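Peer 1: Going line by line, the protein sequences match chains R and Z.
If you read the first sequence in the numbering used here, its first letter stands for residue 570, the second for the next number, and so on.
If you read the second sequence in the numbering used here, its first letter stands for residue 570, the second for the next number, and so on.
If you are wondering where the hints come from, they were derived from the structure by calculation, not from laboratory data.
Note that the structure is predicted; figures quoted are calculated from it, not measured.
Don't be surprised by glycine CBs; every beta carbon is placed ideally from N, CA and C.
Each hint should be verified, as a subset may be incorrect.
[Stated by the list, open to error] Partner residues are not named here, just some residues of chain R that face chain Z (Cβ under 8 Å, in silico):
| no. | residue |
| --- | --- |
| 1 | V599 |
| 2 | V603 |
| 3 | I618 |
| 4 | I631 |
| 5 | K816 |
| 6 | W823 |
There are 2 protein chains.
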Amino acid sequence: MEKRPLILLTNDDGITAPGLRTLIKVMNRVGEVVVVAPDSPQSGMGHAITVNDTLYCKKEYIDDGPQTEYSTSGTPADCVKLAVNEILKRKPDLCVSGINHGSNASINVIYSGTMSAAVEAGIEGIPSIGFSIVDYNWNANFEKCEKYVEIIAKNVLEKSKGKNTILNVNFPKIDKADYKGIKICRQASSYWKETFDKRKNPNGRNYYWLTGKFINLDKGKDTDQWALSNGYISIVPVKYDMTSYDKIDEISKWNLK
Amino acid sequence: MEKRPLILLTNDDGITAPGLRTLIKVMNRVGEVVVVAPDSPQSGMGHAITVNDTLYCKKEYIDDGPQTEYSTSGTPADCVKLAVNEILKRKPDLCVSGINHGSNASINVIYSGTMSAAVEAGIEGIPSIGFSIVDYNWNANFEKCEKYVEIIAKNVLEKSKGKNTILNVNFPKIDKADYKGIKICRQASSYWKETFDKRKNPNGRNYYWLTGKFINLDKGKDTDQWALSNGYISIVPVKYDMTSYDKIDEISKWNLK
């Protein structure tokens, strides 16, 4: 590449999260990095955008790296919109989101702020990657991810110019020396079985905490859940056309008059 | 049906919104209605869920209809989770969300709180419908929708038992006597071209309002945008598997080592 690629970074854990700081370190080796990330954690925000409130944006100086950084009061999807339309001088060559502290595999893609930023970039015609690690620990070991983040980002930059590639990449939690490899997968069919933890506040009013148990219904060996359970990094190519094409014929036969 | 079906209603404009009140009126004719809806507007919330905050839930008495109603401090997706796991005695036969004040056709499905509630129900194995009207007016005329809401809901109840049918139904804005009919469609390929309205607050600090222009790139006559532009009600069957299957082969050939 003649010119250094322009790379937009964001996340949903907030601008100071270790996962994002790892991403910045790696992506500084790949191109010119601009960070536009939430000023506070935005986990579970899905593809939320701020339509009924104002957005703030502030330049940040967090470490002495070569990247430029901004924090915003918005969601991950807001960050991408603000970056592309207000902050960046030109359309970025790549958008990278993460590294998320926690899995965004299978059904989690729907609830994920990290992935919503990647999808938003894809909608705007920017190749994008969301990275996540299956480890909810704030001090998770991101070191082993670094090599693969760089390889995957370079591949997308090289092979997805002008294509709307969106990748959902998850790293398994491993104890061993290295990952077993990379699997290109489909999203496993799964869901969260919720339990609400019901409590009383000091004024005697009931409130709830949402908790849940992850249920994987999918025994397929071509899924992201299988790859992660077996020590592989999973990559699911993602699209934002949510049409269930196989149902169009069936519903066309209904008596809708 | 021997027993009256149990129908869960929700929305993203809040429990007092005229669109939801219309839905309640119609669905009271179809089954036993329980409303669990946000206590304030949640537009643009996408598939957000409340993971870092508490949830409140309160019984409401808004009109003298036969339905049971609860408001919550959560998002539309939270409402469905709370209803299914805490409030309802059994799994509902149908979940209906809306009628949203504003279009959820094409790319709007991604940002839509209304549709996230329907998708959440689908994930939990409950047939569901999100209804929206292409009219942002709080006092939009919902009367013409009523007949079709009933027809579509009855069809889903009858034909989708045990299937994870999720429908995204949009009503066009019409001046004439009635809609031209119903089209079963795919989601049009489109996006929002944002502009940020930059202002200064009384303390001199910059802030932004997100505004945008809708761009439809898709000339297909099989899309929801085409149907709506031509006076038809659009129905898009929706799924939550976001895998881009046609890209799996291509990416498998990349050099990811």
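Peer 1: Return the status of the interface hint for W823 of chain R: holds when the least beta-carbon distance to chain Z is below 8 Å, violated otherwise.
Peer 2: holds (5 Å)
Peer 1: The hint names I618 of chain R as touching chain Z; please verify it with the least Cβ-Cβ distance against 8 Å.
Peer 2: Where the cut-off is 8 Å and the nearest Cβ of chain Z is about 4 Å from I618 of chain R, the hint holds.
Peer 1: Per the CB criterion, is V599 of chain R less than 8 Å away from chain Z?
Peer 2: violated (15 Å)
Peer 1: Would the hint on I631 of chain R be counted as holding, given a Cβ-Cβ threshold of 8 Å to chain Z?
Peer 2: With a minimum Cβ separation of about 20 Å from chain Z (threshold 8 Å), the hint on I631 of chain R is violated.
Peer 1: May I ask you to test the interface hint for V603 of chain R with respect to chain Z, counting a Cβ-Cβ separation under 8 Å as satisfied?
Peer 2: Violated, because the Cβ-Cβ distance from V603 of chain R to chain Z comes to roughly 16 Å (cut-off 8 Å).
Peer 1: Quick one, is the K816 of chain R hint okay against chain Z at 8 Å, beta carbons?
Peer 2: This hint holds: K816 of chain R lies near chain Z, its Cβ roughly 4 Å from the closest one there, short of 8 Å.
Hint violations for this structure: numbers 1, 2 and 4, all remaining hints satisfied.
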